[in-house]
Amino acid sequence: MKVSLNVNGRTREAEVEPRKTLLDTLREDLSLVGSHAGCEHGVCGACTILLDGEPVRSCLMFAAQADGYAITTIEGLAPAPGELSVLQDAFCETHGMQCGYCTPGMILAAQALLQRVTEPSREDIVDAISGNICRCTGYGQIVEAIELAAERLRQVNMPRSSANADNAPAAPHGDRS
Amino acid sequence: MTAHPPRLKFVSSNRRVREDRRFVVGQGRYVADIVVDEMLHVAIVPSQHPAARIVSIDTSQALTMPGVVYALTGEELAKAVDPLMNGLDTPKVRRYPLAVGQVRYAGEWVVAVVAESRAQAEDAIEKVRIEYEPLPYVIDAEEAITAASAKVHPEHGTNVLLDRTFVWGEVDRHFAESPRHLKFQVKWGRNSTVPIETFGVVAKWDPWREMLDVWASIQMPKYPDQISRALRIPANNVRVHHDVDVGGSYGVKRGIKQTVLVSHLSRIIGRPVRLIEDRLENMRAGDAHGPERLFDVEVAFNDRGIVKSMKMRALDNVGAYAGRSPFQLGKPIGAIVGPYKIESVQYRAIATLSNKAAQEAVRGFGQSPTNYAIETAIDKVAGALGLDRIEVRRRNFIRSDEFPYLIPSGTHYDSGDYHTVVDKVLRHADYDALVRERDALRASGMMAGIGIAACLEPSGGNSSFEPLLNEKNTTTTWMDSCRINIDGVGFVTVAIHTTSSGQGHETLAATVVGEVLEIDPDKIRIVRPDSLASLPSNTPVGSRMAIMMGGACYHAAQKLKSKLTQIAAHQFGVAENDAVYAQGNVTDPRSGKTLSWIDLVNIGHRQYHALPPGMDPGLETTHVMQVPTATKLPEDGRVQMYPCHSFEFHLVLVAFDPEIAKPQIRRYVIGHDCGTVINPHIVKGMTLGGIAHGLGATLLEEFVYDDEGQILTQTFMDYLLPSSHEMPDVEIVHHCTPSPFTVFGQKGSGESGYLGAPAAISGAINDAVSSLGISFSRLPIRIAAISDAIAAADKIKKG
Amino acid sequence: MKPAPFEYVRPGSIAEACELLAADEDARVISGGQTLVPMLAMRLARPARLVDIYRLPELNGIRIDGDVLAIGATTRQVQVERSAAAQQALPLLARALPWVGHPPTRNRGTVGGSVAHADPSAEIPLVAVTLAAEIEITNPDGVSTMPADDFFIGPMLTAVMPGDCVTAVRFPIWRHARVGTGFHEVSARQSDFAFVAAAAQIALDDNGQCIEAALGIGGVGDRAVRLDVSGLIGGRPDKTAIVELVRDASQVLEATSDLHASADYRMRVAVTLGVRALEDAFRDAQGGAQ
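Sequences listed follow chains F, U and G, in order.
Just so you know, the working numbering puts 1213 at position 101 of the first sequence, and the rest follows in order with no gaps.
Just so you know, the working numbering puts 1130 at position 426 of the second sequence, and the rest follows in order with no gaps.
Just so you know, the working numbering puts 247 at position 166 of the third sequence, and the rest follows in order with no gaps.
Excised from the complex, chain F in its bound form (with noise of 0.2 Å):
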């Protein structure tokens, strides 16, 4: 069957099995392999993406479900080519990873807490990067890497454009729901 996907704010057509997932369509049909596999059943959250700006994961989709959607994977954080978001910026300032395979994943919630909530805590950090197990680091560095951005997401005061997914505006404050 064909789907018609808005993927970082492209509209992007595939031919699809219906059985086909999202994360495996992402990957195989669009070349987006940012997105990984790690289980298949819905419990590391590798292959998280943001659907509307949620995060959720890929491989619990499919790819027929997923139009109308506006889909943003890892490919789509970056401003420009060579050119680092804040929230990437910052995960590469505390070494907030290893070998960098559960990384876009856990980048995509954290980008999806940060336009949330301005002002982490430390336990919303925590709670939203828990379905996105790292292997590696244990997490200290990637919680840091989120305060962080956090910190530097709070301290530019002009307006950002909002050409710049990670500097999109941010909800007002108290919103922790």
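To be clear, the hints were calculated from the coordinates, so they are not data collected in a lab.
Predicted, not measured: the structure shown is a model, and the values here were computed from it.
Treat the hints with caution; some may be incorrect.
Below, in silico cross-link-like pairs of lysine-lysine (DSBU-like), each with a Cα-Cα straight-line distance of 35 Å or less [as the list claims (entries may be wrong)]:
#	chain 1	residue 1	chain 2	residue 2
1	U	K1366	G	K320
2	U	K831	F	K1114
3	U	K1227	U	K1265
4	U	K1336	U	K1297
5	G	K320	U	K1502
6	U	K1263	U	K1297
Fit chains U and G to the supplied structure of chain F, relying on the hints for placement.
Chains U and G only, in chain F's frame:
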């Protein structure tokens, strides 16, 4: 002792890890990202039985399924390939990528089906019909080593792969003379590192060039050699691509059987073939499982808690095949007394076959289980005497002025200052306050305990356990290499010769070369040539890369610096020693003349007439480095194992409700001394990640088989990896005792945290329940097991 | 780990969905897919056709209908978690939701999906049983409701018949002035399925006397069970009384044993957490700190 550079500019500074840039944008290049034209996909038919004779296999229906290209059985494969290498001298324990004639564990790979897509291959494996005749099987290690047990490999005659007893020092006399003895048993459950990326491999055989190209998520010494041997093709027909990012390994990504399988399939089908294990294939029969070990320990000590001698029996259930896993009983021989001055040791190492999945190498290569047993012994000694557990450790520690210290089994420990590290940790944690906190928790009705572990991370990885456990093996070389080239425009490229699985080797190489050449590491290009263009490497096993790759880079850079200096000195008409190299330029202090980097590059590349007589043109150097201290074969069952020994001291406060019994780590402090740190970010990450692994091994993770020999934990719903919720904040207290055997004084850190966390966390739980007169002697310690034991103890008390 | 082939249909109305389901016994509803897709991936479920109801507008939403909070089947768990109306009307569900999976699975997972899958340790079915919610079922014959207690039959087993589609869950709202709730759970990791979960809701009158009480236990046996705690009504029970009552009431539980937790553990902890949930609920109703 190597002279250390007076001041380090890049080494030990908090520089970014260069690999991270590509990972945060999703531009890592993992094996599953590699697409080769015309590539086919494999799915595997697993065995349903722990042991059964294969009566017949019918693939005819599978072959008619859409997209199916081939179905391969073990019988057909075995005619075309040699058995996979055994580490031990056990020629009748044969292993092929697919079961031949008999299955030996549930989940073992029986038939490989090749199709145009992975989904089609999975559709087709359902249509393969296999008739089995079930055979007796054995799951338990103690049962497996008895004469009456079912034999996993009947041709081998016994399930025992290895049974060696070493006696180092006067064990009998020390036991006879010691006023006190105690003995106990502990069990390390079958767990492993379980990377988030499963094992994957793509192989492409080109019959016209006679070349096998392999892309794989490997961390495996001598991988191309083993592939070529099994496939019976020349080793220079195997080209392994090292520019593949590996999504975590920590030891397990060995991939031999998978690679032989797909390479053979590519050879017979004439198209590239890939196998990316799915999680089920991985957990049942991939490179997934690790040590499962039963320890019987007896120690002889005096009233002051000084441990004079130890007897340890380690029985490891290695599963259905040998591979390298029995060697994991050998490596701990290099730190068999931990950080303690135990004068004599009797060590019996038994590796037994069973009808479980074969083990692979796991972070620490057997050291973490051994440390768990040693630390449990020290806790029990303290308990028996009513002494403080930390005080007993202090009394037994090797003192800082006693290094290099020769342990009974033949290894010299390089350096350390255990007492100081402990003091620093206790000060940092405010130990008295921590004890008060524990006691206050107890007073409030909680179970609370403090756990302690002091242990070593042997590092620098050589394979001395191979000749020690297998006399036919005479290997003493375990090298690593570096090549550096300054191109004609003056830019520096460094070649490293292995894959990485998150250890930051590109950062390591750039930092070291930048340090020596006094140039910006960020301007240095790091490349990973394929295996045919590579110098020898033994891959990042045994916490060796800071020492070995770092060492090779250092020496190659020193050679290059010397060459540049010689070129300038020749121009100045002075001796090399009289010219001064600084930041890429060379100066003659007497004349004040300077040749810049670009002048030197010009001479090196374009002005042969200006080179010193006899000097080769170009600016390229290589260094192949042998492991420091590894100079000879074992003698009398003694050997120098690894060159360097990092130290870690864990201090943990755990508390839990007596009924719910879910342990909560309230405080975790670790003192860590791995000598000179090359990149602090990397060492910190290794330590925290190692503690997370250790936490999993202690509380959550186990590959469990039921009485019918079926594996119960084959998904992430049952094999439980710690999440951010379970991981506590960890405070790291640093100390630096440089190693005298390495170029910057560095030691290894790739296994840090993992080597002591299980001992510390289990010790804390045992401290918490000690007032009930109970303790836990098997890992993982599950919530319900704690609660059930407390309830039973309460009943006895009341009843 | 790829699913067996299936057809995918996205009906335009619930009526059409029911017709599709009734016409084909190998058809199966998919909504958020957070439980179903792993079963498909492991080929533990292999429907010939998936009928996707996720986007049917009439199935999504939270509305107050007299003394009932009706949650449409495809309402995402995160929607309920963030709904002020749901938090106010159904504080017990609000307390339980953070224990459901992880944030990313709650973003996609639905209330109806959790109920329809009937995992014995799932939190939403537990709350439904505890509060005696009604499950709304639509089939070609029309719309009917069934008490949660009758709906859940066993592990992953419900009273849903071919052609049936769970279309809403109707939770009763307690209209008393002083309502308190308590929720406790233990699992190996915070996000895992519960070994034991306990949900309690209490209403007090102006004098602090208990006028309504509910306690449910999940994870222990093959489905969530509502315990008889009517003995609390009309009194101001102290801890000892609560313990005795819960201990007696829990006699009806039949605990299962597995790799992670023994039946004995589940039984003991059911009492412990049941008591704690009730104590929390009393404190909450009294307006005290948790």
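Inset, instruction - If any of the earlier hints don't hold here, list their numbers in rising order. - result: 4
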